[in-house]
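For reference, the chains in residue letters:
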Amino acid sequence: MTVLAATNLSIALGGRSLVRDVTLELAAHDRVGLIGESGSGKSLTAQALLGLLPDGMRATGRIVIDGRDYLEAPDRAWRRVRGSTVSMVFQEPLTALDPLMPVGRQIAGPLRLHHGLNRADAQAQALEWCRRVHLPDPERIVRALPHQISGGQRQRVAVAMALACRPRVLIADEPTTALDVTVQKQILALLDELIEETGVALLFISHDLPVVAGLARTLLVMRSGEVVESGPTDDVLRRPKSSYGRELVASAREVTRLASPPAVVTPGAAGTERGDA
Amino acid sequence: MLGYLLRRVTWLLGSLVVAGSAIFFLLRVLPGDPAVTLLAVGASPDQLDAIRHQLGTDRPLLEQFTGWFGGLLSGQLGESLFTRLPVLDQIVGRLPVTLPLALSAFVLSLLVAVPIGILAAVRRRGVAGIVVSALAQLGIALPVFWVGIILVWLVAVDWRLLPPGGFPRDAWLEPTLAARSLVLPVITLTVAQTSVLVRYVRSATLDVLNQEYIRTARSLGYSLTQALWRHGLRNGAAPVVNVLGVLLASSLLGTVVIESVFALPGLGTLLLTSVKARDLPVVQGTVFLMTATVLVVGLVVDVVQRLIDPRLRGGAG
Chain A
1 MTVLAATNLS
11 IALGGRSLVR
21 DVTLELAAHD
31 RVGLIGESGS
41 GKSLTAQALL
51 GLLPDGMRAT
61 GRIVIDGRDY
71 LEAPDRAWRR
81 VRGSTVSMVF
91 QEPLTALDPL
101 MPVGRQIAGP
111 LRLHHGLNRA
121 DAQAQALEWC
131 RRVHLPDPER
141 IVRALPHQIS
151 GGQRQRVAVA
161 MALACRPRVL
171 IADEPTTALD
181 VTVQKQILAL
191 LDELIEETGV
201 ALLFISHDLP
211 VVAGLARTLL
221 VMRSGEVVES
231 GPTDDVLRRP
241 KSSYGRELVA
251 SAREVTRLAS
261 PPAVVTPGAA
271 GTERGDA
Chain B
1 MLGYLLRRVT
11 WLLGSLVVAG
21 SAIFFLLRVL
31 PGDPAVTLLA
41 VGASPDQLDA
51 IRHQLGTDRP
61 LLEQFTGWFG
71 GLLSGQLGES
81 LFTRLPVLDQ
91 IVGRLPVTLP
101 LALSAFVLSL
111 LVAVPIGILA
121 AVRRRGVAGI
131 VVSALAQLGI
141 ALPVFWVGII
151 LVWLVAVDWR
161 LLPPGGFPRD
171 AWLEPTLAAR
181 SLVLPVITLT
191 VAQTSVLVRY
201 VRSATLDVLN
211 QEYIRTARSL
221 GYSLTQALWR
231 HGLRNGAAPV
241 VNVLGVLLAS
251 SLLGTVVIES
261 VFALPGLGTL
271 LLTSVKARDL
281 PVVQGTVFLM
291 TATVLVVGLV
301 VDVVQRLIDP
311 RLRGGAG
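Sequences listed follow chains A and B, in order. Start counting the first sequence at 1; every next residue gets the next number (the numbering used here). Start counting the second sequence at 1; every next residue gets the next number (the numbering used here).
Worth flagging that the hints you see were computed from the coordinates, not collected in a lab. Values in this document were obtained by computation on a predicted structure and should not be read as measured data. Using N, Cα and C, we set each Cβ at its ideal position, and we do this for glycine too. Take the hints with a grain of salt, since some may be wrong.
Derived, one-sided and incomplete: chain B residues facing chain A with beta-carbon distance under 10 angstroms [to be verified]:
no., residue
1, E212
2, L224
3, N235
Away from chain B, derived, C-beta distances all over 10 angstroms, residues of chain A [stated by the list, open to error]:
no., residue
4, S10
5, E72
6, D75
7, L100
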């Protein structure tokens, strides 16, 4: 059953159109990748899905969560949905966490807010979540401040916060972009494990095709505020229909080749694919 | 933290030595001779010399300096040239006026400015935000003494609600009278300080509002107000505490102007009359104590900031 559906979602700032006619659907166990360059409107789309567009921006279309259209809903209605039905993980875990609050309390917060747990119970669940996101030495980490743990650990905390109230949709906005490549892999593996376990629908936003392709079963490709291509990940990768899609796939292949042993690189091949695009 | 405290206290003592010397020599450079104040203008040079000798102001500068510094070390600030009373006693005698004035203005401006500053930040595009900003700007632009005089004119002279100035001779033995005579001075000082503080609280709150952790909190279901309460108080406190230190110091020093507008026998008035009379030991002692207070407040502010934000404790400080 569909949890979240956006239909013809458009976003404008004043008279300037930033996102046009985005349509997407998320049901349990769905894994949708939203890919596009910076400025393509993918992050704005994500923010609109949580009713958190920056001041002055206006969304039109429909955002239906559990059968109710939230597009024009007041903030009080959105607040019941945020964190409990739909939640979000942000790009930069250092600034997304309160620098002066122990991470355990930050994870416990939404549990107290949505589930009405008392301080001790929420704290106990926060500790449990630290274990579930495989934080080392969880008893110590719940009391640590964000600057006292590593970047990867901070993103694990952010994931724990987002999943604490068992939402049914998780929006991950470039959650690995700020991390080292090795740490990036670990976070992707963690997300893979947790969404499999909980059945939470995933909307994974990134500019990095290989990262998205590893996790998403469906892809949406955005450019200049519009979805230029969509379909099952394998189809998009094998037979990109749009020119931008072909460009993306080609440059991703090029990166993969560079990473492989030099013998595999066939000179000119990358250039030919570029030419196709 | 202990090592840091030790370093800071050492630094404080060093600053006090520098400040003490600076105060001493700067006052000696000023024109004016206490002997002339004591005798009428036109006294004979012999008489003046005799008085100078009696006051000790004819001794070599270095000898006077070591005398003053030796006194400081043993906790003595010397005695007044005219009344022959210990300077410390005179200062302590003025505190029952100055301390309640400065402290209550400080606390009041804190109570008024913090909620108003936060409101002005949250509603920065609304009427409330614009009105608060404009009023704060006005409050900063208005000279303190002018606000005082207007208040006296309206409340004391026109409406006869409160005394226009002065302080009961029996001080706090007549609590109602004493308190009543401090109302207008406290309001005046509060107006001036609130205006400054509101702007800092507003900008600290705006700073917090733009932080990503507020967006995170909202993405988890907190309202803006809840998010601000949950994350803003502590994060916004660090910059505000810094200003509070400056403000506490300036409210002590600001009493000089306020006390002379309202004819209050406080520390500020003591300083003013002593300057006019060239009663150097009293001026020296008062200025030194005020400087020491400012330095100590600065130290306390640094320590409090470190308690609020543990990230500051990491560095060498």
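Checking against the hints above, which ones are violated? 6 and 7
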